[in-house]
Structures are given as structure tokens and as C-alpha cells.
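Undergrad: One-letter residues, chain by chain:
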Amino acid sequence: MAKNENDALVLGEKSFTNRLFTGTGKFASRSLISPMLEASGSQMITVALRRVDMGSKEQNILTCIPDTVTLLPNTSGARTAKEAVRIARISREAGCGNFIKIEVITDMQYLLPDNRETLKATEVLAKEGFVVLPYMMPDITVARQLHDAGAAAVMPLGSPIGTNLGLEMKSMIKRIIEISSLPVVVDAGIGRPSQAAQAMEMGADAVLVNTAIATSADPVAAGKAFAMAVAAGRMAYLADMADEQHFAEASSPLTGFLRN
Amino acid sequence: MKIRLNGKTVECRSARLMGLVLEMGLAPSSVVAEVNLAVVTQEKWESTWIKDGDEIELLNFVGGG
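For the record, the sequence lines run as chains B and D. Residue 231 in the numbering used here is what sits at position 231 of the first sequence, and the numbering runs on without skipping anything. Residue 49 in the numbering used here is what sits at position 49 of the second sequence, and the numbering runs on without skipping anything.
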């Protein structure tokens, strides 16, 4: 990712100075979403499309999200590329903009993404002008193929959705960051601000955190903590920290007084 | 007439899409409608006639990650 003056991450036509993306799932009360967005400064948030609950007067979740925040509808529930494409088209027609998080899952135990269907959906939707952010199993070849298919970024998972296990996929994500000419957004499984900071220190361009914020006892504070960790991790990455070493290296001179 | 609404066969009393949304007790502003796989935007609901056998999905955005 090229550095720019305010270090913004550019996706599609939009520029994000805050590199924490958030989600609207699992909040105990939807009234927490707007204050969480304000406290964290997050500029993009995911939403999902479902059949309405007949007779329910509950307003659509979009009413809880300020206009200044970019919507990232996901294709959750899709088990094939075709279903993901259908959800994406509906979301755009419904006025959600042209960002789409592709999420195609057939494995119901670990909720791991199906890279093959994800790639197929990316090809179709990128051609239709969507800003495609595919949630993917970390795989270097697929990351390259997603690039060629027109994805705007790749979103490898840190660990399975909702597990809070952090960067189980660390080594592969690192390699994807090394080879990818697309921005890399670490999505899923990040359970602690320290894990988000670690992803950013490694050179991830952003992280997407939903469960860890939404299910904490204080999502507003948790959102802010994640945002601070992401900013710190990014700053450390840009500062190009020195490598780890096996042997000690004194920080104070060891000679010049009691020893020569 | 009978339609498929959100995956279930139901008897529909309304002639037009707007009527169906109201018949289901939904607030129109919160609903996204798809008729036979094509999205119908809200301004067209009054002029969209429902036919026997139509496959209609009434959707909305919910919390998700």
C-alpha cells in the first residue's frame, strides 16, 4: 500500500483514515452501535440481509448507523457464489452503496470460507462495479487470484468467526501481506486489542472486528480500545521496528566507569 | 391468489406490493422487496401488481459481521 499524507487506506472511491472496521452483529442493544462508532471513529461497518420477521415493527438496522459511516453489507448465509451475487445485487439496489463483503460459507462447524465460490463471486461482482472485499481462508494463490479477479482488498481470517482466538493464521497472513499488491484486512477471530495491534504491526492495512466489541460488557469502551490498538499498531508498522534478536544488546554503555 | 412469500406458500389478499407489505404489518421504510428475483424499489410498490405464483421476498438489513 502506498503511503499518503494522512495515511489513509483507499478502497474504491473512499478513503479511510481509521483502520478499524466494525460490525453490527451480536450487540445486546442496537442503541450501542452509534456510540460505539463515535467512540472508535470506525468509518466502515458491516450489515447483513435477512427475511423480515413478519409483524415486527422493528426498524431496519441501517437507521442505527450515521450517514458518515460506509456500509459494508455482507453476503452471510450464502453457500454458493450465485447466492452471494444475488445478495450483493439486492444490497446495492436497496441503497447500501457498492461495497460488498463476500462471505460464502459451507462449513457450518468452523464457519470457514469457501475460497472457490468466493473467487467466483468476486469475478462477477467486480465486473459489475462493486468494491469487493472477499473474506477468505489465508491462501497465497487465492489472494493472487482474487487480485486478478478485481477484488479491492483481501480479507484473510485471523481465526474462525466469533472465537476470539486472534491470529491463529499469523504465518500465512504475514506471507499474504508480503506478496499482496492489494490491501490486506484481517477479518474474523480477533478477540483482543493486542491481537489487532499485532496484525497492524505485521503490516495489515486494516482489521475488521465485530464479536469482540459487541459481546464485551462495554462495547463503547471496547470499540475505542480496539481503535487505539489499531492506530498504535499502524504507527509501529510505519516506524519500521527493528528485528527480534536472540542475544541481549545493552541499552546503556557497559564500559566507561567501573570497567574499561 | 397464492404466492410464495419468503419461501412459504401463502394466500395473498393484496393486489399490489404496497398492500402486501402493509398486510404483513411491516413498516415500508424498513423493507427491501424482491419479486421473482428482481429488486423492486419502494417507489414502484404502488404500481407493482402481484400475480398468482409470484415469488416474493421481503427482506431487511439486520446486525451482522
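Worth flagging that the hints you see were computed from the coordinates, not collected in a lab. The model shown is predicted, which means the values in this text are computed figures rather than measured ones. Cβ atoms here follow ideal geometry from the backbone N, Cα and C, with glycine treated the same way. Keep in mind that the hints are not guaranteed to be accurate.
Unchecked claim - Computed footprint of chain D on chain B; a stretch qualifies when at least three of its residues, placed anywhere within it, have a C-beta under 8 Å from a C-beta of chain D:
| # | segment |
| --- | --- |
| 1 | 16-26 |
| 2 | 93-101 |
To be verified - Keeping only pairs whose Cα atoms sit at most 30 Å apart, straight-line, the calculated BS3-like set for lysine-lysine is:
| # | chain 1 | residue 1 | chain 2 | residue 2 |
| --- | --- | --- | --- | --- |
| 3 | B | Lys170 | B | Lys120 |
| 4 | D | Lys51 | B | Lys127 |
| 5 | D | Lys51 | B | Lys120 |
| 6 | B | Lys26 | D | Lys8 |
| 7 | D | Lys8 | B | Lys170 |
Undergrad: For every hint, state whether the structure bears it out.
TA: The hints, checked one at a time:
{"no.": "1", "hint": "16-26", "in the structure": "holds (count 4)"}
{"no.": "2", "hint": "93-101", "in the structure": "holds (count 3)"}
{"no.": "3", "hint": "B:Lys170 / B:Lys120", "in the structure": "holds (26 Å)"}
{"no.": "4", "hint": "D:Lys51 / B:Lys127", "in the structure": "violated (33 Å)"}
{"no.": "5", "hint": "D:Lys51 / B:Lys120", "in the structure": "violated (34 Å)"}
{"no.": "6", "hint": "B:Lys26 / D:Lys8", "in the structure": "holds (27 Å)"}
{"no.": "7", "hint": "D:Lys8 / B:Lys170", "in the structure": "violated (44 Å)"}
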